[in-house]
Each structure stands twice: as C-alpha cells, then as structure tokens.
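J.: As given, the protein sequences belong to chains A and B, one line each in that order.
The numbers in numbering that gives the first Met the number 0 rise by one with no breaks, and the one at position 64 of the first sequence is 63.
The numbers in numbering that gives the first Met the number 0 rise by one with no breaks, and the one at position 626 of the second sequence is 625.
Hints are supplied without guarantee of correctness; some may be wrong.
To be verified - Here are a few chain B residues that face chain A, going by a calculated C-beta distance under 8 Å:
1) Thr74
2) Ala256
3) Ala493
4) Phe494
If you are wondering where the hints come from, they were derived from the structure by calculation, not from laboratory data.
Positions of the beta carbon are idealized from the N, C-alpha and C atoms, including for glycine.
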Amino acid sequence: MIRDGAVPLSNLGAGESGTVVRLYGGIGLVGRLAALGFTPGATVQVVRNSRFGPLIVSVLDTHIALGRGQAARVYVARRGNPNPR
Amino acid sequence: MNATAVTADTAVRTATIALVGQPNVGKSTVFNMLTGLNQHVGNWPGKTVERRTGTFEHRGVRVDIIDLPGTYCLTAASPEERITRDYIIQNRPDVVIAVLNASSLERNLYLVTELLALPAPLVIGLNMVDVARDEGFEIEPRVLSAAIGVPVIAMTASRGQGVRELIDAAVDIVQQGPSQEPSRPEIREDHREVMAQLLDLVGPYVPAAYPPDWITLKLLEGDEEITTLMRAALPAEVQTQVQALLRRHEDALIAVATGRYDWIRRMTRAALKRPRAGHITLTLRLDSVATHPFGGLVVLAVVLALVFGLTYTVGAPLQGWLADRLLGTIAAWAGRLLAGGPSWLSGLVIDGILGGVGTVLTFLPILVIFFAAMGFLEDVGYMARAAYVMDRFMHALGLHGKSFIPLFLGFGCNVPAIMGTRMIESARGRLLTIMLAPLVPCTARLAVLTVLAPAFFPEDPTLATWLLTGLPLVVLALGGALVSRVAIRPDDAAFIMELPLYHVPNARTIAILVWVRILAFLKKAGTIILVFSVFVWLLATLPHGDIETSYLAAAGRFLAPAGSLMGLDWRLVVALLASFIAKENSVATLGVLYGVGENTGALVDVLRANLSAASGLAFLVAQMLFIPCVAAVAAVRQETGSWRWALINVAALAVLAFVGGVVAYRLALLFL
Numbered sequence: 000m001i002r003d004g005a006v007p008l009s010n011l012g013a014g015e016s017g018t019v020v021r022l023y024g025g026i027g028l029v030g031r032l033a034a035l036g037f038t039p040g041a042t043v044q045v046v047r048n049s050r051f052g053p054l055i056v057s058v059l060d061t062h063i064a065l066g067r068g069q070a071a072r073v074y075v076a077r078r079g080n081p082n083p084r
Numbered sequence: 000m001n002a003t004a005v006t007a008d009t010a011v012r013t014a015t016i017a018l019v020g021q022p023n024v025g026k027s028t029v030f031n032m033l034t035g036l037n038q039h040v041g042n043w044p045g046k047t048v049e050r051r052t053g054t055f056e057h058r059g060v061r062v063d064i065i066d067l068p069g070t071y072c073l074t075a076a077s078p079e080e081r082i083t084r085d086y087i088i089q090n091r092p093d094v095v096i097a098v099l100n101a102s103s104l105e106r107n108l109y110l111v112t113e114l115l116a117l118p119a120p121l122v123i124g125l126n127m128v129d130v131a132r133d134e135g136f137e138i139e140p141r142v143l144s145a146a147i148g149v150p151v152i153a154m155t156a157s158r159g160q161g162v163r164e165l166i167d168a169a170v171d172i173v174q175q176g177p178s179q180e181p182s183r184p185e186i187r188e189d190h191r192e193v194m195a196q197l198l199d200l201v202g203p204y205v206p207a208a209y210p211p212d213w214i215t216l217k218l219l220e221g222d223e224e225i226t227t228l229m230r231a232a233l234p235a236e237v238q239t240q241v242q243a244l245l246r247r248h249e250d251a252l253i254a255v256a257t258g259r260y261d262w263i264r265r266m267t268r269a270a271l272k273r274p275r276a277g278h279i280t281l282t283l284r285l286d287s288v289a290t291h292p293f294g295g296l297v298v299l300a301v302v303l304a305l306v307f308g309l310t311y312t313v314g315a316p317l318q319g320w321l322a323d324r325l326l327g328t329i330a331a332w333a334g335r336l337l338a339g340g341p342s343w344l345s346g347l348v349i350d351g352i353l354g355g356v357g358t359v360l361t362f363l364p365i366l367v368i369f370f371a372a373m374g375f376l377e378d379v380g381y382m383a384r385a386a387y388v389m390d391r392f393m394h395a396l397g398l399h400g401k402s403f404i405p406l407f408l409g410f411g412c413n414v415p416a417i418m419g420t421r422m423i424e425s426a427r428g429r430l431l432t433i434m435l436a437p438l439v440p441c442t443a444r445l446a447v448l449t450v451l452a453p454a455f456f457p458e459d460p461t462l463a464t465w466l467l468t469g470l471p472l473v474v475l476a477l478g479g480a481l482v483s484r485v486a487i488r489p490d491d492a493a494f495i496m497e498l499p500l501y502h503v504p505n506a507r508t509i510a511i512l513v514w515v516r517i518l519a520f521l522k523k524a525g526t527i528i529l530v531f532s533v534f535v536w537l538l539a540t541l542p543h544g545d546i547e548t549s550y551l552a553a554a555g556r557f558l559a560p561a562g563s564l565m566g567l568d569w570r571l572v573v574a575l576l577a578s579f580i581a582k583e584n585s586v587a588t589l590g591v592l593y594g595v596g597e598n599t600g601a602l603v604d605v606l607r608a609n610l611s612a613a614s615g616l617a618f619l620v621a622q623m624l625f626i627p628c629v630a631a632v633a634a635v636r637q638e639t640g641s642w643r644w645a646l647i648n649v650a651a652l653a654v655l656a657f658v659g660g661v662v663a664y665r666l667a668l669l670f671l
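Required output: the full structure, derived from the provided sequences and hints.
T.: In structure tokens:
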C-alpha cells in the first residue's frame, strides 16, 4: 500500500530522522500538526521513543511530545543517519 | 514603520491592544510587565478559558490590554483558538501585538501568518532574544520587519528589555492610523486557481464583519465554524457549487499550511541564522534525565516531595498560627466585647462568622505555597516534562499528562488542585480534571479516616486506612475513563505538547500569578465559603442552640431512611452533612452527638460499642466519596464559571457516596 517507502513516524528510533511525506487524520489533528511544522517536506528527528508512551520529536528547532497514536499518523521517508547523536 | 510623526494624531487618548502568541513565548510576562497589579482575571463567558484584561498609561494614552489565550494557530479546533480569532474579528482591537519566541522563530511565525489575514494592524514582539542567542540563533529584527512590513521589536521581557519600545510601536500605529501593507502568505501554487474561483463564488455573500479572503481560506481549510456560517449566508445554488469545489480539494488544508511555511522561509531567509547542528544545549542535557522513562519519574517524585515538604514545614505551622493565634485572639477579643449581649449573638459572631473566616484563612498558606510552586515549575519549563512522563499513565483515565500535577496536589488540599487546573490548555481536559479532583483524598479526609478506622477495624486499622484511601482513587480512575468516553470528551484525545526550553524563571511573573489567584480565591470562593459556613452553623444551632435538636439533626433524621440502607443512623448522617463545611467536622460532630466532646479516644470506644463493623465500613466509604467540602465546591464554581458544574459535581458525588455506602454495607453484611 505504501509505495513510496514512507513509514509512520512512530517506527523511527531515537536519533533517526526523516522527511514528512503526508499526514492522516481529521482537520483538527492535521491542522494542529501542520501548524507545529509537520508539513510535507519538513525534516523531523525522533529524540525519544520508548516502547510505550509518547515520543519526543524535534521539528523546526522545537521538541514536541507526540502521543504514539498521533505519531503513527505522520508518514515520513526515513533519512540516512548523517549525524548520529 | 511610518516615521512621519507630522501626521501623528496626538488627540488619541484611548486604545485597545490585544496580546496574542503561541504558548511558551513569555506572553504573561509581557502582560504583567505592562499592567502590574492593575489587571483583572476572569473567565470568557460560558468557558473555562481564562480571560485577563488590564489597563496602563503610555505617552498619555490610556491603553486597555487584553491577553488572548495562547494558541498555535487560528482554526476552530479548540475554544482558545475560537476565542482569539472571534475577539479580533468582532472587537477589532486598535493593534494586535504578536509575542514570538525568538528561539523557535519559524514555528512562531505560523501564528503571524494567520493574524495577517485578519483585519487588525500588527506589531511583532520578538521575545526571549537572550535565550535564542544562547541557543546559537542570530536574528536581525530590522531585516525581518522590512520583509514582513510590520514593526518587529526585539525583547527580553523577563528583564524588562524592549517592552517599552513594543508599546511605543503599538501606540505609534494607534496615533498615525493603520497604514500597513504587510506581505501576506499565499496558498501553495497548485491551489491558487481554486482559491480565486472560491473567492469569486462566496465573496459577495460574506457577512460584513469578515474579510472575504480569510473566509475563503478557512473554507478551504475545512473550518467547521466558517463552513456553517457560510452555509447560512449562501444561496442554495452557490452553496452547491462551493461544496462541489471543496469536495474536489479536500487536501487544501495542507496546501494552505505549506504555503504559510513557504512564506515563513522567505521572510526569514535573510533575517535568521540557525545554530550549527550538534550544538548540545542546557535543555538537551537536562532533558536526558527529566524526560527519561524512569529517570523522569524519579525527578518528578523528588520535585513533588520538595513541594509537599515545603507545605508541611512552612505551610502547616503558618496555618496553625493563623487559626489559633490570630483568630483565637480575635475571638477572645470579640468574646469580651459581646460578653454583655445575648448568647446567640456571641455564638453567631465567634462560632459562625469567625469560624467561617477561619476556614477561609487556613487555606491561604497552602494555596500560596502550591501556587508559587506551580508557577515556578511552569515558568522554568519543567511542567511540560512532568506532563510528558505522566501522560502514559494519565492517558488511560482519559486525562492529559498535565492533569497529573494539579490532581496530585489534591492530596494536600482539593482547592489548589481545582484552581491549579488553569495550566491545562484544553478546556474540556480542564473541566474533566476539575470534576475528578474532589475524589483525591485530601489531608482532612485522611485525618478523619485515621481517627475513625481504629473504631471499626481494631484488628488492622492501617490496612483499612490504605484500602479506604485507595477507594476514591480507583473510583477516580474508573470515573475518568468512563466520563472522558461518554460525557466530557477531551477536545481531542491527541497528546501534542511543546517541550519549551528551560529558562530562568521571572520572580515578578510568579508573584503576580500567586497574588491574582489568591485574590480571586478570597473574592469569589472566600465569600461563598463564608456564607455557607454561617448558614450551616445556623442549621446546626437553631432553634435551641444545640446540635441534637437543631435543624441539621432534623435533616439527618429525615434522611435516616436513606441512611439505614447504608446501615447508618441519624447521627452518622448528620456527621456526613456537617462535613460539608470541612471534612474534619465529621469527627467533631460525632463527638458532640455521642456526648464525648473532643475526646477522640472515647469516641472510638463509643462508636465501636454502638456500631457494627458493616455500618462503620459503610460510613467511611461514604465519607471518602462524599460531596466536596464547601471550599472545593466554591473553587469548582469559580473555575468553571458557573454553578451548573459545581452542582453536577455535588450531585454526582452524593449519588456515588450513597451507592458506595449501600454496596459496602451489603457486602460487609455478607462477608464480615
């Protein structure tokens, strides 16, 4: 189904980054995510992702805590890992 | 900026300025800096969203300033967003000041892209430039101002820098008249054609208050409120065309947002230089512990221990001093003064009125400490981390991570817990937290439990105490899970929260916050508490001066049939009713009704002799779940802005206590 190789943001481990490809969800959620910088083409980096509970994602110089369910609705193209932290 | 002061209309004497900004930009600091104590805090009509207004003088102009709720954007998704945009459109402030956090400039400019579409002149206050500099950002305010076409003022509001210049810029606009022609973002290229078509269609029918461009944009975004508004305004055949057009472009929301960020990138290209990658900041270092799944919990436990430690070492002695020394002195003095008068008068003054004042006063130390602690944790940036580590647990209750700290404070006292919900941004999340807060067993209820548990469970009072403390918490968890799914659904179950950079807190902001909250408590809740205290004292005293023959006892006897379902006689029902004033009253009342006075040891003996373990259990269960004390009810009334929720809360807990009592009694009869 996902032909472009995009994966849910929640699949990325800590330190991995990606480029936002598309968002799924109602206008409330998509509107809020877009306002925070999760727009197609934006670079995001996962700061924390433990097995349960929310993630921390870095986008536009800010750290955003993102529920697992919400992170699963942001599809990203995984990037190489040029600067591992 | 227009520098030709020749045209300045110095005759302008009043102006209205609206402050807007995303959360965590230091907007309250700017507001406090400008108004000081000259501010009024209330609620937006019918909403649980805080409304702060104030006045000040600047260059001979009297400025009314309104602090609009912090929002990331202006969709209709949350009450805050609706309030902010409706205020600007309907009330047309003379100037809108957008406060931006310089350390996340691009994200902050998103709100500016929304504001530029609204009919109000704009001034940008670029706050926290010191923090941004430390983070490695270089920003040129003048370049940014030239690009956007509105004044941009660099500020460090926490040190008072730039605030004056900000207001200068705003007052300049008021005096010279709005003549801004700012750069405005456009929708992404592939949607411009559709946008033009839609504007042609709806333009002629847009209600006068609204800018047609903005309406068109909001229709494309799929904004429910505006869609409904225009459905009513458009003739049927146009409406059909509009709908068809919108259906073909359901993805337009993303095109609008992308267009805005394209504009932001153009505006900041020359004005913003970002830090090199790999720059390890203080925030990153602190967060490696504070947001760690386990380390974070440890940090949180330490923080809470410190807050409660402070409460018991400083707050409790102060409380005692206020109650005994201050009120005792006043009561003794009043007693001497009224010694010659009728006994009912000294009773009313000393036990009724001074008792009520005492109840209000004893809340103050704990409130001051809790508000100061919360204000500090919020201002320093830690609160978001606490919410983050607790969200995984609170989520199951249908609550936001931010609900945890206020609820936890409820173990000290429910009143600051209810008032502390103000920091929860989501209005419905707040309401749900407020409604659940009275289920947190406060120290007063625990004190009652500790005194009475040995009477009914002589073998193992400690275990009984623990179980009975856990009961309301279990009910809270189940209630939260249930109510959040059926009645008070949070605006969105989504957990999306910014983790702001840590920064040095501003003492003035915290002090004003504490002062404003305390004042609000005294004015609103204090009055209600006093009135109810006197009222219940009268019920417990009239007509013959003793509680056994009082109206309250009559009420207890009247409710005795209901009480008997729980195995309670009228005395225990009266004790429950009396605990409405303050939870610890139930012990004192039982002492009087069983004729043992204040001797709790004797009370335990007489209760053990008179009551079965089943009745005792039912009483304690009912007591733990019973309606909040008058102070908590007053706080619910104050925070929700209406009696409606306060009454619903009281009714729900009364039913809960009754059902809990009956179930406990019946089960105990079977098993004990």
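J.: Each of the hints needs a verdict: does it hold here or not?
T.: A quick look at each hint next to the structure:
1. Thr74: holds (5 Å)
2. Ala256: Hint holds; Ala256 of chain B Cβ to chain A Cβ min 4 Å, cut 8 Å.
3. Ala493: Hint on Ala493 of chain B: holds, closest Cβ of chain A at ~5 Å, below 8 Å.
4. Phe494: Cβ of Phe494 of chain B sits 3 Å from chain A, so the hint holds.
When each numbered hint is compared with the structure, no violation occurs for any of them.
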